[in-house]
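K.L.:
Using the sequences plus the hints, can you model the full thing?
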Amino acid sequence: MSSAVDAPRNSRSFARSASGSGPGVRLLRWLRANLFASIPSTITTLLLALLLARMLFGFVKWGVLDAIWTVPGNDTSACRALRGTGACWAVIPEKYRFILFGTYPFGEQWRPALATLVFILLFYLSSRRSLWRRELLFIWAGALVLVGVLMWGGVLGLSFVSQDRWGGLPVTLILATFGLAFGFPLGIVVALGRRSKLPAIRSICILYVELVRGVPLISLLFMASVMFPLFMPDGVNIDKLLRAQIAFILYAGAYLAEVVRGGLQAVPRGQYEAADALGLSYWQKNGLVILPQAIRHVIPPLVNTFIAFFKDTSLVLIIGIFDLLTTAKTAIIDPAWQSFSVEVYVFVGLIYFAFCFAMSRYSRGLEAQDRPT
Amino acid sequence: MIQTTPKVRPRRRIRLSLRDERVRGWIWQIVVVGIAVAVVAWLWSNAIHNLSVRRIATGFAFLGREAGMPITDTWLPYSPRDTYLRAFIVGLVNTLRVAVIGIVLATVLGTAIGIARLSSNWLLSRLAAVYVETLRDIPLLLQLLFWYVLMQGLPGARAAWTPIDGVFLSNRGLMLPWIQIGAAQLWVLAALATGLVALFVVRRRLVLRQMQDGRSRRVWPFALLLVVVLPALVSWSLGATWSVTKPELRGFNFAGGLTMAPEYFALLIALVTYTSAFIAEIVRSGIQAVPRGQWDAALALGLRRSFVLQQIVLPQALRVVIPPMTSQYLNLTKNSSLAVAIGYQDIVSVANTTLNQTGQAIESIALIMLAFLTVSLGISLFMNWYNARIALVEH
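From first to last, the protein sequence lines stand for chains U and D.
All residue numbers for the first sequence refer to this note's numbering, where the first residue is 1 and numbers rise by one.
All residue numbers for the second sequence refer to this note's numbering, where the first residue is 1 and numbers rise by one.
One-sided and incomplete, this derived list gives chain U residues near chain D with beta-carbon spacing under 8 angstroms:
(1) Val215
(2) Phe222
(3) Met232
(4) Pro233
(5) Leu317
(6) Ser341
(7) Gly349
FRET-style restraints, in silico, Cβ to Cβ:
(8) Ala190/D <-> Thr85/U: 49 to 57 angstroms
(9) Ser380/D <-> Leu137/U: 32 to 40 angstroms
(10) Gln293/U <-> Thr134/D: 33 to 41 angstroms
Hints are computed from structural coordinates only; laboratory data are not their basis.
Glycine residues also receive a C-beta, built at the ideal position from the N, C-alpha and C atoms.
P.N.:
Structure follows, in structure tokens:
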């Protein structure tokens, strides 16, 4: 990222290093320019270095030097004897299967593992610019069907696993990905509706978007878990996970509608006029001319919105659905492992971080590519 | 709004044909509204039926009944004998308490980190970047649970950690020394607030006069007079005493001073650190959006650096910063609802308990939504007013 404030610093350090001789001299010059440029800068560097060293030392002592990596069986007395001065990483090998896959039948856990891989592959394929074509829709449809087959089973000789036994990482990925897959078309329709000339349609779309964006997600999830059954006729009983999924789709739709609307506004007016001049109908005009351009504009914010959904899926903890965070929290209810929640949270935090960090790096890469040079 | 039909087109007579754009428009609207009304009516009739089967009365009459719900950490006086209405108000105040203080702290911390990211000191800017990246990429709820577990793992009240005399951090929360506030002290605070407003007005007039004649004027004598001398005079004339009470260990808990319960403290830390990471990015891009030429030109005119920053760079940066900042404030307020996960009794938590006790699901959730929509609207209106005030005035 080239910035106004960074620019002079870099040009200065380049100018100096160009006249330097040898890597040692260059290093010294770099240090001088970037860490010890002035007295306040030197003081800042030293104070921060001291703080950083203390924190790193504390963390290494807790997480590595004083940590316990394995314990015999369920006997955590060695971990307890540390009284929090060292980490008890033994909780991870003991509980990781439960944290990752919840109560999915143990022998069948290769299926959610494979489903997770399918998701990762799907994200990877979607990130390729060369695949941003209509075929991507089929890839998504195929991948989501494959995930359904793997998780539910009941066909191809796989035993049936009902969704109240699903848990862990696949549930997090399902909520986020299906939320996007169904929320995105909804968002497009609502964004078009919000820009429509027809007042009734416009009002309905504005009402929906502002209502959903104005309330916390947790109230939508409460609605899905408590209110939704009240609104259904007798005998219709929709599974809890599916209800949460519907809430996520509605939530995603409202936020994605705003992202898409931003893209629609960025399409120059001449494109609309040209499409009208060709005599295209409303749907032809939007489907063939406007939307393809609008969506390309908003891919980086779309990725950022997806990162937010991915994190927001953790809220289903509050309504008792077994996503990654809920399985982590449940894993440490076991009395033997009760006091090692920090270790488990660090482990789960790393998983969330890995996904979000990869996506945010990717989004920033896209922004950098799109910026005119 | 894109208008595909130019306004100058003469009004045609509406033909009742599907080829007519306006007729199709009306048909579309009637169909969509019809579907929406039908769906809502169907859901509503189901709800009425289900509620009558379960013998749940609709309406808000339950708000007058005794709540019987303990709320431990409150600002307003409350006992379980009070009504549900009172419990909801106490919950709303708890939400606002964490949201308002959180917004202030997150803005301060986020601005500091955003500026640190642009520092020419490599170590400082890298650390700020790591801070932002780490906090943004981990779910807030996980961070909240993490802070709460850390709070619970702190030593008990008797072995509390004391970084400075009078400040105690233990599993009972954070205890701070606090000034005892009575009527006289409130008057002094009011005088201080008045002084600050007056100072703001005076400073504006000084700047306006500088714009007319180009002479710079001193602000600090006015600042001294309005912010220090005026409150001091009021305090002296009322005979207000300023006694700081320090928290003291009595038995197994602390008495005196200001107490932040562990739930409140964990929620505040989580909200502030998480939101500050987003605010830091907004501040950074806001500052970067001001071209360097603005600094150079202003300094070349011989203006002081502080003047350039306050009157030339910051107003331009603010224009870029305000809209995304508004949505972060709204996010923080909405995210405060995660309190329910660690048992801090905000409005969502109170509504959740009410819902479980009375079965009034529709009413409880409607109250949550109403409260948040009102708060969101309030923040939006204020920020829009502020944005309009600082916006570029074009002719």
